[in-house]
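Novice: Using our numbering, the first residue of the sequence shown is number 1, and each one after it goes up by one.
In silico DSS-like pairs for lysine-lysine, Cα to Cα no more than 30 angstroms straight-line:
(1) Lys80 to Lys38
(2) Lys34 to Lys44
(3) Lys44 to Lys23
Derived by calculation from the structure, the hints in this document are not laboratory data.
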Amino acid sequence: MAVQIITIEDLNEFRSLLLNDLKEFIQPQSQQIKQWLKSNEVRKLLNISPGTLQNLRINGTLTYTKIGGIMYYSYSDIEKVLNGNKSMPNKFGK
1 MAVQIITIED LNEFRSLLLN DLKEFIQPQS QQIKQWLKSN EVRKLLNISP
51 GTLQNLRING TLTYTKIGGI MYYSYSDIEK VLNGNKSMPN KFGK
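Build out the structure end to end from the sequences listed, making use of the hints.
Specialist: Structure follows, in structure tokens:
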């Protein structure tokens, strides 16, 4: 059996490679957001009923694209609606 000597430089190189591999493994999962969502995904995301989602479509609050009977919603449009409806807390409690 041959003896191999591991140097501090070898360990540092291994550490760097391992950290890079871990970053690549973790990062895509956290940034993997679907661009188009189906109705059931939107309802789960917003925790709303089918009727509420229908009302958002009818009154034009949430835009959609219909292809072959399936409605798709843009994730960026959902974010815009959420960001557009932000309210400031009332410091007087009213």
